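Asker: Read off the chains here:
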Amino acid sequence: MAVSPPSTMLSTIQSRDIPFQGSANARSPLTMTHADRELTEQLNDDVRRKYVKDKKLGEGTYAVVSLGYLKTDPSVFVAIKKIKVNAEYKDGLTMDAIREVKYLQELSHPNIIALHDVFSSKDQTLNLVLEYLPRGDLEMLIKDGNIQYGAADVKAWMGMLARGVWFCHENFVLHRDIKPNNLLIASDGEVKLADFGLARSFADPYLNMTHQVITRWYRPPELLYGARQYSGAVDVWSMGMVFAELLIRVPFVAGNSDLDQISKICEAFGTPTDDNWPGVSKLPNYFPPDRAHIIPLQGRDFFVRQFPTAGPVGADLLMSMCALDPRKRSTARQILSHSWWSTEPKPTKKEDLPKKAGGTKKMGDDMGRRVGQVDDGLFKNAARQLHF
Amino acid sequence: MAANYWVSTQRRHWLFSREGLVDVREKLREKDKLSHTQFPLPDQRLLNIYFNQQLTKLGKRMSTRQQALATAQVYIKRFYTKNEIRHTNPYLVLSTAFYLACKMEECPQHIRFVVGEARGLWPGKSDVRITKRPVDFITSDVAKLGECEFALISEMNSQLIVHHPYRTLSELQPELSLTSDEVALAWSVINDHYLTDLPLLYPPHVIAVMAIIIAVVFKPSQTSFHGSGPPPLAGAMRDGAGMNILAALGEKGASGPPPRIQKLVGWIAESEVDIKAVIECTQELVSLYEVWEQYSEKTCKELIGRVVKSKNLDK
Ligand SMILES: Nc1ncnc2c1ncn2[C@@H]1O[C@H](COP(=O)(O)OP(=O)(O)OP(=O)(O)O)[C@@H](O)[C@H]1O
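Here the protein sequences line up with chains A and B, keeping their order.
Per the UniProt record's numbering, the first sequence runs over residues 1 to 388.
Per the UniProt record's numbering, the second sequence runs over residues 1 to 315.
One thing to keep in mind: the hints can contain errors.
Stretch-level coverage of chain B by chain A, calculated; a stretch enters the list once three of its residues show a Cβ under 8 Å from a Cβ in chain A [as the list claims (entries may be wrong)]:
no.	region
1	49 to 62
2	177 to 188
3	290 to 304
Computed list of chain A residues with no C-beta within reach of chain B, every gap over 12 Å [unchecked claim]:
no.	residue
4	K55
5	G92
6	A97
7	R99
8	K102
9	Q105
10	T125
11	R200
12	L283
13	P296
14	G311
15	Q334
16	K355
17	K356
Honestly, the hints are just simulated from the structure, not real lab data.
Keep in mind that this is a model prediction, so the values were computed, not measured.
Here a beta-carbon is modelled for each residue, glycine too, at the ideal position from N, C-alpha and C.
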């Protein structure tokens, strides 16, 4: 599907990077016999360069992403994600980078972005060679007023998201940052879960984890209350928020502080109490609600009214993802066996899904927009500021 | 442990056959026979004991999770299947493996802290006769460690997740109704298996079953953990009786052993664990405990010191 871009677009600057794999003959820098530079150069000469780095595609908090292609076959595109140096871990790799490599190496699934290769560059940064996903992300589709989409499309997108998340959870991996702009779209329309910089394993049940994960609008109440032990249910809540947002095309619960987020969740879904969520009052950041303002738990009719496009069965699925008590929230596996998927309308075939305007050709323009967007969510990356 | 062992990079890329492992090492030796004569090193297992003790010291100073130490040891093993130890500074490899493993196991340590501690632990020597200047085993330049991190990741093809037997052990505890003493003993057997090649040769669940069998069958009188010598288990394993029981494991419907052990035998027969592999692992452990008698920290330290110093002399 990858089309060779016009040659003007490619200035064909050889990347000065050293492929990670296949450096068997190179002397390792671990020997102290040579100076660093000398060794790195030696490596540089010794190994064949596999990828050519091309124009910049975009920039995130901790990485710069460029288009690249195979030197031996320029029609094969990749995205090269170059990890920026983190001041905190100066001279070492950031936890984000480590996590991304760690999990993407092991998780191979059609709805999870593929990691093809990893290599280091001269300035001691790590480069991840990722599957190239040229059709933007779900956030762009949601926000683009020129794009019309309906229940069948939402069903297709949610299905792909649910399969990706299910696969992570089956493998004891929590993504911990599910949101529309981390759901990238392949040229064939397949949605792929990307950005595993906050992911972690939940196989050790007694290990505490930070509650400072997941971008606020997608963060579940247990994390807002400071829970240190949690499960796949945190990702399920985020999925529910993505589902709701796909349906109404604006973030459903958009707080402007953690406190505001909690009160908006209460307004939307009901106030958590020990009755509807046994043990909630024991969570570290829980505060007792104002007696006068206790909002009862919302029932099915609320979801049906609020999200008419989903239909009653879809509303039921959404409700099961938005249970305040994480133990009552459905699991990824339960989500996949919900009857919504087999109810009319059938999910749209991925080839027929609405696309952002222009496809690959207008990539440059689109990326301009994306880069500009980085600052507009002031709290967007709060989660990144904290480590592990 | 994350992800699934059966589709893991560990199973696909880091599981060697015995012959394969011998081969890989022989090739490394062939490439530089000279340094092998110049720098004799003790048995790999004795070196592993030394590395393990050094890592444990480093870990203690920084209160790390046991799992991170285990991961670090596997990283070191993987790395030395691709690199001749005599071409490296083992102290740097150790510190780097430790630093990376801590991040991998979600208990990260600051790079400066690791370097500082490592320098304190391995100050090197000022051997004026040879070098006319002090030799630092670990330089104060943290970028060195950062660079080594790349090299380590690179040599491991950025396949970083290591599956450990500890998890299988905890899962099997209720199923086999193991006592806490048995679990503690099995746990220490798992710790010991990192001193051998077993992590490169067998899947973690085989190791876990081996550790459980040893704990149940041999149950030494004292379950205290060893200091510098081989554990009390070594004696128990040598006196034969247990080995006979073990041999009987392979035979169907073995009679004789006490009910506690019969239950275990029954479970193993029903599970799909490769009993032959389990027995091989046990033998590996027995021979580890035998070779352990010869362990001398001083010798290891000296021989490795020579390797490191020769690298510095090259500068
Ligand atoms: N695999 C890919 N294919 C095509 N474009 C990509 C790919 N990965 C990332 N991009 C582009 O590069 C930009 C930066 O990506 P990156 O993952 O670093 O940050 P982000 O997810 O946008 O932000 P943050 O990491 O701060 O949450 C993305 O917004 C996207 O436009």
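Asker: Next, verify each hint and record whether it holds.
Answerer: Here's how the hints hold up against the structure:
Look at the region 49 to 62 of chain B against chain A: 0 of its residues bring a Cβ nearer than 8 Å to a Cβ of that chain, fewer than three, so the hint is violated. Counting residues of the region 177 to 188 of chain B whose beta carbon lies closer than 8 Å to any beta carbon of chain A gives 0, which falls short of the minimum of three for the stated coverage. Remark: the region 290 to 304 of chain B is not confirmed as covered by chain A, as 0 of its residues place a Cβ nearer than 8 Å to a Cβ of that chain, below the required three. Every Cβ of chain B is farther than 12 Å from the Cβ of K55 (chain A); the closest lies at roughly 25 Å, confirming the non-interface assignment.
With a least beta-carbon separation of about 4 Å from chain B, G92 (chain A) fails to lie farther than 12 Å from that chain, contradicting its non-interface assignment. The beta carbon of A97 (chain A) is not kept farther than 12 Å from every beta carbon of chain B, the shortest such distance being approximately 9 Å. Once the 12 Å rule is applied to beta carbons, R99 (chain A) is inconsistent with being away from chain B; the minimum gap is 9 Å. Non-interface status of K102 (chain A) relative to chain B is broken: a Cβ of that chain comes within 12 Å, the nearest being about 5 Å off.
Against the 12 Å criterion, Q105 (chain A) falls within the reach of chain B, whose nearest CB is about 6 Å from its own CB. Listed as outside the interface, T125 (chain A) is inconsistent with that label: its C-beta sits roughly 9 Å from the nearest C-beta of chain B, within the 12 Å cut-off. For R200 (chain A), the condition that its CB be more than 12 Å from all CB atoms of chain B is violated, with the nearest at approximately 6 Å. Even its closest Cβ contact with chain B, about 21 Å, leaves L283 (chain A) beyond 12 Å, as expected for a residue assigned away from the interface.
Taking the minimum C-beta to C-beta distance to chain B, about 39 Å, the non-interface status of P296 (chain A) holds against the 12 Å cut. At the 12 Å boundary, the C-beta of G311 (chain A) stays outside the reach of chain B, the nearest C-beta of that chain being 35 Å off. No beta-carbon of chain B is positioned within 12 Å of the beta-carbon of Q334 (chain A); the least distance is around 20 Å. In this structure K355 (chain A) is separated from chain B by more than 12 Å, as the shortest Cβ-Cβ distance comes to about 32 Å.
Every beta carbon of chain B lies more than 12 Å from that of K356 (chain A), the smallest distance being close to 32 Å; the non-interface claim holds.
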